Amino acid sequence: MNNIMIIVLAVFAVLIVYDLQKFIKKKVTAKVYVLYVCFMAASLTISLLLAAGRRPSPPSRWIEAIFKMIGVLE
Amino acid sequence: MVKTQISKIQLFMLLLGFLFGSTVIMTPTVGAKNDGWLAILVGGAAGILLMGVYSAIALLNPSKTLVDILMERLGKVAGNILAVLYIWYFIHLASLVFRDFGEFICTVTFPETPMIVVIGLFAVVLLYAVNSGIEVLGRLSELLVPIIPIVIFIIGLSLISVHDFTAFLPILENGITPVLKAALSFLTFPFGETVAFLMVFPHLNKKEKLKKVVFLSAGIIILAGTVIFFRDISVLGSDLMARATFIPHLTSLLIPGLNVEPLVDINLLIGGGIKISVCIYAASKALCQIVGIDDYRTMTGAITTFCVVLSIWVHESTLDLFSWSEKVWPYYSIPFQIVIPLLLLLLSLRRSKSSNKKEKSLKG
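Chains as they are written, first to last, in the working numbering: chain V, 1 to 74; chain H, 1 to 364.
No lab work stands behind these hints: they were computed from the structure.
What you are looking at is a predicted structure, and each value in this text was computed from that prediction instead of being measured.
Among the hints, erroneous ones may be present.
To be verified - Which residues of chain V face chain H? A partial, calculated answer using Cβ under 10 Å:
| id | residue |
| --- | --- |
| 1 | 3 |
| 2 | 38 |
| 3 | 44 |
| 4 | 66 |
| 5 | 67 |
| 6 | 69 |
Stated by the list, open to error - Once the Cα atoms are required to be at most 30 Å apart in a straight line, the calculated DSSO-like pairs of lysine-lysine come out as:
| id | chain 1 | residue 1 | chain 2 | residue 2 |
| --- | --- | --- | --- | --- |
| 7 | H | 181 | H | 3 |
| 8 | H | 358 | V | 27 |
| 9 | V | 31 | H | 64 |
| 10 | V | 27 | H | 64 |
| 11 | V | 26 | H | 358 |
| 12 | V | 68 | H | 327 |
| 13 | H | 212 | H | 64 |
| 14 | H | 327 | H | 8 |
| 15 | H | 357 | H | 33 |
| 16 | H | 207 | H | 64 |
| 17 | H | 358 | H | 209 |
| 18 | V | 26 | H | 3 |
| 19 | H | 358 | V | 31 |
| 20 | H | 360 | H | 206 |
| 21 | H | 3 | V | 31 |
| 22 | H | 3 | V | 27 |
| 23 | V | 68 | H | 33 |
| 24 | H | 358 | H | 76 |
| 25 | H | 64 | H | 206 |
| 26 | V | 22 | H | 3 |
| 27 | H | 8 | V | 25 |
| 28 | H | 212 | H | 3 |
| 29 | H | 357 | H | 64 |
| 30 | V | 22 | H | 64 |
| 31 | H | 76 | H | 211 |
| 32 | V | 68 | H | 181 |
Ideal Cβ placement from N, Cα and C applies to all residues, glycine included.
Using the sequences and the accompanying hints, generate a full structural model.
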């Protein structure tokens with residue numbers, strides 16, 4: 001684990017603690033927790049992969065590939 | 001039921017800020033070279049029509065957001081699927097504007113600062129603005145957006161001594177095809193992106209003024225776009241314009257004895273900030289409507305974080321970002337900006353006609 005990954009983890013920890021505090025105070029429904037976890041987990045996973053230098057194929061490439069497949073782009 | 005309301009001037013300023021957005025540093029009609037002004041006029045005319053379609057949808061479905069309209073007109077299943085796709089589209093758009101901002105600041109203003117720091121700090125400020133509500137965003141744009149045309153005017157006026165007023169000639173040197181391609185780019189960036197405003201239009205307090213506000217803002221953008229194009233081409237020439245990365249920034253550097261470079265940063269900060277805020281607001285609100293959450297603010301933090309991460313992930317370099325935005329973005333945007341809204345307009349018109357007939361038969 002490199003320094004950048006530790007910074008990423010620390011930033012996400014701060015964000016999650018800050019938001020969870022608000023959620024507990026507001027007594028939000030379970031749906032909010034589920035959606036929040038989905039978004040934050042996706043963000044954290046991508047961030048850690050980027051920090052580790054293993055860039056996953058980005059959505060812009062998938063979109064481009066789809067358009068090439070259907071013949072819109074050459 | 002929409003409780004929060006914004007005035008017509010606030011909506012006008014929000015639209016202007018959104019349309020200026022990253023257009024203040026990126027020139028979508030650059031592909032047409034010295035015929036860019038024609039592309040602006042053609043794309044702008046189509047853009048006015050497209051924005052007219054959005055306002056007509058909003059007027060035919062008063063007090064309803066894009067998600068409500070999709071669900072009502074296309075049914076629950078198809079409506080939900082398209083609403084999720086729109087949420088993705090708004091998130092993607094916000095992340096692209098974040099990246100434009102980051103690329104510009106890290107290339108021009110703070111070359112030593114990591115892009116994630118620039119984007120992250122900008123995101124914190126915008127998250128605060130979005131969480132403050134749409135009225136605050138409206139008031140903020142009322143206060144800040146007038147600065148953008150003033151800056152454009154200052155830069156244009158300062159360069160009056162270094163103009164070559166014949167630089168845009170000859171007309172249609174490369175034929176009509178590059179003009180039409182650039183016009184499509186200008187239609188999809190920025191006019192078509194105002195589809196996000198279908199989540200904001202229900203907040204307007206005087207619905208009858210909607211069309212006027214929309215057409216006026218689109219007209220001003222076309223005028224500003226044409227002025228900026230003639231300013232840039234008469235100062236830089238078409239060759240340098242085609243090779244430059246951030247054209248308005250390069251133009252601002254040429255002012256003799258005056259450094260107005262930070263003014264371009266301010267323009268991007270205001271325009272880009274409003275555009276990202278509206279996109280995050282639209283995505284959060286749409287997501288909360290789909291799953292039945294009352295307060296959109298619960299999701300803004302997670303969505304903004306995802307946008308920031310996506311902005312770093314989505315493109316490897318500036319060149320990749322520019323090439324993708326020029327080649328893929330116009331086609332990728334067509335279903336979201338043109339096809340689905342036109343379908344919604346047709347379905348809304350059919351519905352309003354049939355309800356009018358019913359009313360007449362009941363009266364008869």
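Item to check | Given hint residue 31 of chain V paired with residue 3 of chain H - CA-CA distance at most 30 Å | outcome: holds (24 Å)
Checklist entry - When the nearest CB of chain H is found for residue 69 of chain V, is that gap smaller than 10 Å? => result This hint is violated: residue 69 of chain V lies away from chain H, its Cβ roughly 13 Å from the closest one there, beyond 10 Å.
Item to check | Pair hint outcome, residue 68 of chain V versus residue 327 of chain H [Cα-Cα no greater than 30 Å] | outcome: Between residue 68 of chain V and residue 327 of chain H the Cα gap is close to 11 Å, so the pair holds against 30 Å.
Item to check | Pair hint residue 212 of chain H and residue 64 of chain H, alpha-carbon separation not exceeding 30 Å | outcome: holds (19 Å)
Checklist entry - residue 357 of chain H and residue 64 of chain H: Cα distance at most 30 Å? => result holds (22 Å)
Next on the checklist: For residue 27 of chain V and residue 64 of chain H, compute the direct alpha-carbon distance and say whether it is at most 30 Å.
Outcome noted: holds (28 Å)
Checklist entry - Holds or violated: is the Cβ of residue 38 of chain V closer than 10 Å to a Cβ in chain H? => result holds (8 Å)
Checklist entry - Given the proposed pairing of residue 68 of chain V with residue 33 of chain H, does the C-alpha separation stay at or below 30 Å? => result Distance of about 26 Å is within 30 Å: holds.
Checklist entry - Regarding the pair residue 357 of chain H and residue 33 of chain H, is the alpha-carbon distance no greater than 30 Å? => result The hint is violated at about 52 Å.
Next on the checklist: What's the verdict on residue 358 of chain H and residue 27 of chain V, does the C-alpha distance respect the 30 Å limit or exceed it?
Outcome noted: Given that 30 Å is the threshold and the Cα spacing comes to 46 Å, the pair is violated.
Checklist entry - Are the Cα positions of residue 76 of chain H and residue 211 of chain H separated by 30 Å at most? => result holds (29 Å)
Next on the checklist: Tell me if the straight-line CA distance from residue 26 of chain V to residue 3 of chain H falls inside 30 Å.
Outcome noted: Since the Cα atoms of residue 26 of chain V and residue 3 of chain H sit roughly 20 Å apart, the hinted pair holds (cutoff 30 Å).
This entry does not satisfy hints 1, 6, 7, 8, 11, 14, 15, 19, 27, going by the numbered hints stated previously.
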